[in-house]
Each structure stands twice: as structure tokens, then as C-alpha cells.
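Peer 1: The listed protein sequences derive, respectively, from chains X and E.
This note's numbering numbers the first residue of the first sequence as 50 and each following residue consecutively.
This note's numbering numbers the first residue of the second sequence as 324 and each following residue consecutively.
If you're looking for bench data, these hints aren't it; they were derived computationally from the structure.
Treat each hint with caution, since some may be false.
Claimed, not checked - Calculated pairs, SDA-like style, for lysine to any residue (alpha carbon to alpha carbon, straight line, at most 20 Å):
(1) E:389 / X:320
(2) E:389 / X:86
(3) X:244 / X:167
(4) X:362 / E:382
(5) E:395 / X:559
(6) E:385 / X:330
(7) X:583 / X:559
(8) E:389 / X:195
(9) X:408 / X:296
Since this is a predicted model, take the numbers as computed values, not measurements.
Residue strings, one per chain:
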Amino acid sequence: MVLSGAEIVIRCLQEEKVEYVFGYPGGAVLFLYDALFQQDQVRHVLVRHEQAAVHAADGFARSTEKVGVALVTSGPGATNAVTGIATAYCDSIPMVIISGQVPTAAIGQDAFQEVDTVGITRPCVKHNFLVKDVRDIAATMKKAFYLARTGRPGPVLVDIPKDVSMHKCEFEYPREISMRSYNPVVKGHSGQIKKAVQLLLEAKRPMIYTGGGVVLSNAAEQITRLTRLLGYPITNTLMGLGGYPASDRQYLGMPGMHGTFEANMAMHYSDVLLAVGARFDDRVIGNPAHFAEEPRKIIHVDIDPSSISKRVKVDVPIVGDVKEVLEEMIRQLEAGEARPNPDALAAWWKQVDEWRSRKCMVYKNSDEIIKPQFVIQKLWEVTGGEAIVTSDVGQHQMWAAQYYAFDKPRRWLNSGGLGTMGVGMPYAMGAKLANPDRQVACVTGEASIQMNIQELSTCKQFRLPIKICNLNNRYLGMVRQWQELFHGGRYSESYMDSLPDFAKLAESYGHVGIRVDRPADVEGALREAFTTHKDELVFLDFQVDQTENVYPMVQGGKGLTEMILSAEDL
Amino acid sequence: MRHVISLLIENEAGALSRVSGLFSARGYNIESLTVAPTEDASMSRMSIVTTGSDDIIEQITKQLNKLIEVVKVVDISEAAHIERELMLIKVRATGKDREEIKRTTDIFRARIIDVTDTSYVVELTGNQGKLDAFIGAIDPSLILETVRSGVCGIGRGDRVLKL
């Protein structure tokens, strides 16, 4: 069948079973939009800014296991998309971004709306392509989806010049693709896995530390089985929340800069640390030199060899898909006779529980003023802990991560690696489209939400009844916290004057807006949002304590055990 | 430590910038980088001379391997290998210098490949040390221009970098 390049692109999306494309039209993608118009299998979500298109596709991918797809035009369309692409790249989210480009003859001529999209995005994509011949489109699209979802997932960009989308050729979608330069490892080395199992069984102070890789690899079930089989304590990073049920006794909470006392102490003083789909990020282990002071054996399971021994020297590296490796570990454990030493384990748990008894997550609640942590706890109650929660970046993000106990994976969507303010609402949009029957809440702050506030319009057009929980403290909270703690209380540019009335703003877009000033009204407002206004977008503007800080805290550059547990520690 | 990393990469537009971009983005050193197609025109071979601790070199090879278009990466300096570099050097050759340069050229087993009344172009192949030594042996005021290819490397004996 002879089709135009644009038609081929859309046919490829159909072949890949893409349900939604998030995008924004423009000159260079007119043929693509024309082809979209003439079919109804792939639905298009028209955002109000390209950054939000990419974030929404990203949120769609995070909340499912599908590849998110975004479509933008050349020049500013592509540059607006870059933050979204980099955000997805840092968290290894499978995505395909299609960008229009000026006609091939105009490339390099400084044409209208021309930028070197492939050049600009090169450092923040898993791979990218400039398609110069219509006959290459189908194979390139196939490769793009294949690269995005296999190995360590990531965003792949396909740049298509306008004339290429107009030219015609015979269309056939390749059934299979093989690339001699790309063969991601799936199964782990069985000898290494044996060594790891041996080491785990001999451990006296074992600790399991898992990250986003467990979520991406859909290995929550496997990590839960392994952890229960061994009876060891476990922590999930910010990206790995929900990988292991937070309500379980073996779960110690999140590690790192704003992690729990018990998780950080157990990480630090473990003698065998099993790291799974995690990368010893600076926000997780603090100062690597301090972390290395305590002798411990580290087993590291990751699909990406370059994540292993990057920041921390590893004793037993295992390259492979997390799920496959965990399956093999469980199989070997179950097949063998050996079990963990019960006495050593009991002594270790005694120590861990002692750390836990410090109750580092307790905050002083108030009848007068709304505490942000209290809002999150109420959100958890009202949604039965079953909602998909997205967040932006800052204090509210940490409170959501700390106080909304995630029992399942793909329920917590946030920008962990890049830390992009403005992802919250677009993530919620993508998640709601992908999970229409699930409650979706966006926990945000008055600063972050304004970075993509225009998407309230998109939410109206596509009837996305997400619930926005704005923890409004009139400050860039995390910046203010650092300024209070480390910059002598000089609040340089962290106070926001002239904020809009968010409730009215939401109403002007046709949504429901509720301002909440008193702690006693928090639960009622949430219930109203999730029941009375179930099918509407509700913007809950919580006026929260301006001075509240996120604790515990490990100061940047400090060791994991050097924690500030509360304001009294200062 | 100095390392010579050889790699095979798909011969596609932008492949070189993926490699050089990786080095600059992650702050790795490049002492020299050479690239040209192999006998299989769909692939290029690159030789990169870099310096760094063992940890850094490990990361460099891993990161290179991670690039989608990179087919194979080997640190050829891990074992017996041969390095060669080509240099073309244009020198002022007048009066008694003409004879002296000719003699030096012979000693280094170099060749004079262009001659004018006042200059020679000398072609010299060898490892970096030999090329440096030749430059050292010529009176600096006579050197008009030098161009060096950067290092090409290959493993000795059975060690083969092939698909």
C-alpha cells in the first residue's frame, strides 16, 4: 500500500497499539496532523504547551507499562519538549517523541522554526533519529519503540522533515527488528546470582534497597516474594515507592536525604546490601566517601552495566532484567536448604526496631493551622491508599512520598532524577487517561503548579477529573528551608507575592475550586472532591503552615547517618 | 593512566558527535580521536586516546557501550598492542638546513614528500614518542606547520576487534 510519510507514521502508531498521542500542531507537522485527523484509532490530546505534552505522555507511561507518545512541531515545539524529554530520560521512562523538522532542503539554512533537534536532544534521549527518506520511516519507528521499551528504557526521538512526511512510498511495518549494535542483557549471570544468594544467606545485618528499576521491570511481586522469603528489612527509594508494600512490617520507609532514620541507619550499618534497580544516587546515599567508611558487601542488580560501580564499588554485580534476576534468586533459594541465620537476624531486627522506635516521621499537628503532612495523611485516608498520586518538586513532593504509604507500584509518579517542577498536573492527565477508573491526585505547591497551570484548560477539554491538592505555603518551600538552615535565614527570592486566587482560577477554566484554611475542613474538602465532584476536576487550595520543614534531613554532602531528625536537632 | 580505546560504530550521520558529546558531557579527557570507515563501509572504527583512573576508564567503556550505535568497545591498551600515528610536517629548508633535515629524515626513516626551493614536507609514521622525538630533533624556528592524525591502535596476534 502506497502511503505518505505522515500516514506511515500514524499507521506505525496504530501497529504499536498507541492509544493516545499528546501533542501540539505546527507548520512542520501539518501532514502528520492531517493523517491523524483521518483516522480514529489513535486519539490525540491537545495540550497547551509542548512541555506538558511530553510530561503527560511520560505520566501515561509511568502509570502503565506502555510507551508514552508525544508529537511536537519543529523549532520551539521541539525546544519546549526538551525539559519533558530530559525528565523522562533521568527516570528511564519509555517514550517516543515525534518532532517535525523543516524540509530537508531547508535544513542548515536557518529556516523559520528550524533548530537542530537531534543535536539539542542528543544528551537527554536514549537515542534519536533524523529520518531523511520516507522509505526509512517504518523501520525507524519500529526501532524507536523497540529501543524505548527494551533494556534500560528511555525516551527516543524521531525527527521528521516536512517533505519526508509528504513523500509517498510503499508501507510495510517490519514484524521484527534486530540491531547488531544493541542487544540488551535480560537474564543475569547464574554464577553471579549464586554468589549473591550465598552472600545474602550468610549476612548478619542484611538490607534490601530497591529503586525505580523494580517498578519499571514490573518486579514488585518478585521483590516482595524474595523479601518475605528472606525476612530481611527493605527500603524503596523515591523512584521505587510501591515496589514493596509500605504498610508491611519489613518495610523501613524511604532512604536518603529525606528518608527515615531506620532506613538510613540500616543502609549504612548493613553488612550485606542488596541493591536492585537502584543507582546509589547522591540523594540516596549522601556522601559516597562517608558511605564507604562502613565495610559491607554490596550486591547490585541492574539492567544497565554503567549504573554498576559508578558511585559505589560493588562486590557482586549482576547485569540483567530485575524481574528475571529476582526470579532466579527465588528459584535458587527455594531449591536450596540453606536459610538465613535466625539468631543473627533476630538481633539485627532488634537493632532496626530500636532505630524505628525513634519515630522520626512524627510531626506536631495543629488545630489552628493546616500542616502539610496532615493533608497527605488525610488524602491517604480518603482515597483508601489506592489513588495514583502525582507530585511536582519540592517540599510537598517529599511529604507526599513520606506520608502517602504506597502499597503498589505505578501509583506514585514524580520527577525523581531531574526534579522538574511542573510535571504534576501533566502526569495526572496522562495517568487519568490511562487509568480512567482510578482516583488520581496531584499533590503540588503554589509554585510548581504555576509552571504548567495552563493545562487546566486541557483538563477541561478532555474532561479529566483529577484532584489537585495544592499545599500552598506562599513560599518556594524547599528553597526557603535550605535558606533557613544553611543561608542564615536570608530568604532570597523564595517568597511569592501576587499569587492568584487558585479556587477562582480553577473556576474560570470551568472546574471546581475549593480553598481550605482550617485543619478541621481538610478531610471534608477532600471527601467533597472525591465524592460530590467525582467527575470534575477539583482544585483544592490548602493554606498550609508557611514555616514547616521536611524532616528527617541529610544535608547535601553529609553522610547518611548524620541526620537532622527534627527542628529540635538544630 | 593513558588508555587507547578502540570501537566499532555504525557509520551513520551524527555517530561521531554522540561519542564526543559523551566525553564532554561526562568530563572525560580526549587526547586524540581518529575515525574512518572499516573494510565494511557500514561501520567505522574509532581509536580514542584518553586518560583516567581505572574507575573512570571502566565508566568510559561502559558508557560507550551504552551508545546505541556503538557495536563493540575494547580497551586495546589492556594487552600487547601496536600504536601508530601519522605526522606531516612542513619545515623551512634552505642553505645548510636542507642537508641537515634530509639527514634527520633518514635517521627517523621518514620521507620527504614535497619539495620546494625553500621547504620540505616530511611524512613520518610511528608511535607518539617517535613523532615527538622528530619534532624535538628539528630546530623549532624551522617548523612551519605540523599536522598529526592522532593515534590508531590494533591488538597484537590473535586479538581482533571485529563484529
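Peer 1: Indicate, hint by hint, whether the structure satisfies it.
Peer 2: Here's how the hints hold up against the structure:
1. Restraint check: the Cα-Cα separation between residue 389 (chain E) and residue 320 (chain X) comes to about 31 Å, which exceeds 20 Å; the hinted pair is violated.
2. Our distance criterion of 20 Å between C-alpha atoms is broken by residue 389 (chain E) and residue 86 (chain X), whose separation comes to about 38 Å.
3. As the CA atoms of residue 244 (chain X) and residue 167 (chain X) are separated by approximately 43 Å, the hinted pair breaks the 20 Å bound.
4. For the suggested pair residue 362 (chain X) and residue 382 (chain E), the alpha carbons sit about 12 Å apart, so the restraint of at most 20 Å is met.
5. Proposed proximity of residue 395 (chain E) and residue 559 (chain X) is contradicted: the alpha carbons are some 57 Å apart, above 20 Å.
6. With a C-alpha separation of about 18 Å, the suggested pairing of residue 385 (chain E) with residue 330 (chain X) holds against the 20 Å cut-off.
7. Annotation: proposed proximity of residue 583 (chain X) to residue 559 (chain X) holds, straight-line Cα distance about 15 Å (limit 20 Å).
8. Taking the CA atoms of residue 389 (chain E) and residue 195 (chain X), the gap is near 15 Å; set against the 20 Å cutoff, the hint holds.
9. A distance of roughly 15 Å separates the Cα atoms of residue 408 (chain X) and residue 296 (chain X); the hinted pair therefore holds under the 20 Å criterion.
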